[in-house]
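Each chain is listed here by its residues.
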Amino acid sequence: MKNASLLVVEGVEQGARFELGDRPLAMGRDARNDIRILDSEVSRNHATIQRVKDNFVLTDRNSSNGTRVNGIAIRSHALIDGDQIQLGNTLLLFSDASREGWKENAADRVNLLRRHDPADRSSIVTHMGQENAEDAIPSKDEAADSPNSLSVLYRIAEEVARPSSSLEQSLQRTLDLTVSAVFADRGCVLLTDPQSGEIRPQVTSQRIAGIPGARMPISRTIVDYVLKSSQGVRTTDAQHDSRFDPTDSIFQAGIREAMCVPMQGRHQLMGVIYVDITTPADSLLMPREKTPGFREDQLRLLIAIGRQTALAVENHRYQHAFVKAERMAAMGQTIATLSHHIKNILQGVRGGSYLIDMGLNDHNEELVRKGWHVVEKNQNRIYNLVMDMLTFSKERKPAYQQAQLNETVHEVFELMQARAVECSVDLRFEPAANLPLSTFDPEGIHRAVLNIVTNAIDAVEGSDHATVKIETGLDVESDMFWVAVADNGPGIVEDQLQRIFNVFESTKGARGTGLGLAVSQKIIREHGGEINVESRLGEGSRFVLAWPRLEDSMPAGAQTLS
Amino acid sequence: MNSAPHVLVIDGISDTEAVLKAVLGPRGTNVERTRSAQVGRLPIDEKSPHVVVIDLDEESAAATASCFGESHRILIGSVKTSVDERDRFLAKPFQYPELLQTIEDLLALPPAA
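Those protein sequence lines, which keep their order, are chains A and B.
Anchor point for the first sequence: position 323 equals 323 in the working numbering, and the numbering is continuous, going up by one each time.
Anchor point for the second sequence: position 97 equals 97 in the working numbering, and the numbering is continuous, going up by one each time.
No wet-lab data here; the hints were simulated from the structure.
Be aware that one or more of the hints could be misleading.
Heads up, simulated DSS-like pairs for lysine-lysine below, C-alpha to C-alpha not over 25 Å straight-line [as the list claims (entries may be wrong)]:
1) B:Lys92 - B:Lys80
2) B:Lys80 - A:Lys343
3) B:Lys21 - B:Lys92
4) B:Lys21 - A:Lys343
5) B:Lys92 - A:Lys343
All chains, please: the whole structure from these sequences, using the hints.
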């Protein structure tokens, strides 16, 4: 099994995807978990997920609030594609992309008989439009052993509305239910390709095991008729319908009866659903009422299912188009913002190079030194940009280890001193006394604090008595470490405060990438903490990065997926 | 206004000021840098520089530019926008000789207003 994953559908980490592999993964709030869930309702060690043969098994680890799969509390559960896992207030969708081969498999499992194929002599005994099908209440005779249509439609409606990572997943689950609901042996959903107009098998389902390797014959003529007339049909042996040449092809194909219904969307026909029953020849000699076969109420039900499925396909395509448009817009914004920032760096490098060139020509060492300083500064800007991008990407994983927070923050203070002097900013550091060693990702915290301090210096540059103060501490009551960065700059206006942590949201014009604060927030959230901002216009801003003290028994190198 | 030529760089990257200072400073030109938010608090003798270099990528660039009607203005931006005919425009990333030459040309002219 490969390409299985968990997608956070609801929760702080909404949109995060965790890849599942052969290694058992621990889930919970504690930083040592492989899958860290930043949710106060999730236990520190909440659940594990591990591969057992071809399945992924989710096991609750005596969590306080329990683990639910599709709304039902579980102790241990073998996950199936599309399952929704709830831990606290966090909802995760389990996807198993190893079944993405459905499209090819469906085509392999279906024999779409050519038009006018001599083997295709299917004929129609009943045809029914959407308007007739809407009367889904079975007659008195039918009601005795009729499936509960409403119940089936309810389940189908639930199924098509369930979140799925792919259309095929949704169609497969719907078809499995359908085949079971109408007591068919096999079924197939064929969709019309929006570009080419070709009809293609998308998913298949088999309730009764057939001959290994046998392909499901589907009459192209019947499918064409359904697509053209938008009517559902029930087919059986040819003698009963005058619109097709009477033949015994259905007997030859091993099909006694089939139903084919249109998938009518709001504006267009999306495809058809085709189900059949294969009956051995000896059973065909039994009286009609004893032999398995499709009834009109089942056809009505299938037409209703066809309509619901079509709407689901249509919705999926709309959603897919929206996501694609959003993705394109995000990609465009990413490229534009990064290009803009890189262009500014290039501008600086050009300036430095120009001074070096000029200095070399004039044998002016002072000019060369000034030029080199500009180049070096821009080299640091490229480094910081790359580090921010890496931190924001999923490639980087926090490396927790025991460290002294004051030392990490002091490194930032020392690093930023030169820049502060250059910008005429008084940069101060007031470390808390007797701060204990603790477990955190020193490199990550360094970057988180560095970005905040850089912003603070940029904010106060040019102000009178420009000051940036960095403090550290441990709040004993909440058992949380904190780093505060305060400046006496112009402050942040209220509507900007709501957006400052958004990626590519920068108030610094040419000097900002819009990545810094987003990266700092990501790092602090990885530590289970948060960044709080207080700002007053004309007085300044104070950023407080706070995270809970982790247990100090963490093995070095423990990592968190993000 | 000081008798020495005066160039004011507003916003944008600090490297522009560093380069202009290194090249024009020894030639007797004062180069200063400020932020658009601080423009209102500039000393009176710095409010009418001979040449002002403005980064158009800042949100407040248009408002800032309007404060320097008496100066020759060089506008630097990523995207070329329609500029007043007396203003000069340079697209990022520009070449510094081009910026320096433009400044020297403008310094040789009488004040804009």
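Straight-line Cα separation of Lys21 of chain B and Lys92 of chain B no greater than 25 Å? Measuring from Cα to Cα gives roughly 20 Å; hence the hint holds.
Measure nothing beyond the straight line between the CA atoms of Lys92 of chain B and Lys80 of chain B; if it is 25 Å or shorter, mark the hint as holding. Judged against 25 Å, a Cα distance of about 9 Å means the pair holds.
With a cut-off of 25 Å on the C-alpha distance, tell me whether Lys21 of chain B and Lys343 of chain A pass. Holds, because 21 Å separates the two Cα atoms, which is no more than 25 Å.
Given pair status - Lys343 of chain A, Lys92 of chain B, alpha carbons within 25 Å: Within the cut-off at roughly 7 Å; holds.
Against the 25 Å threshold, does the CA-CA distance of Lys80 of chain B and Lys343 of chain A hold or violate the hint? holds (15 Å)
In summary, the structure agrees with every hint in the numbered list given earlier.
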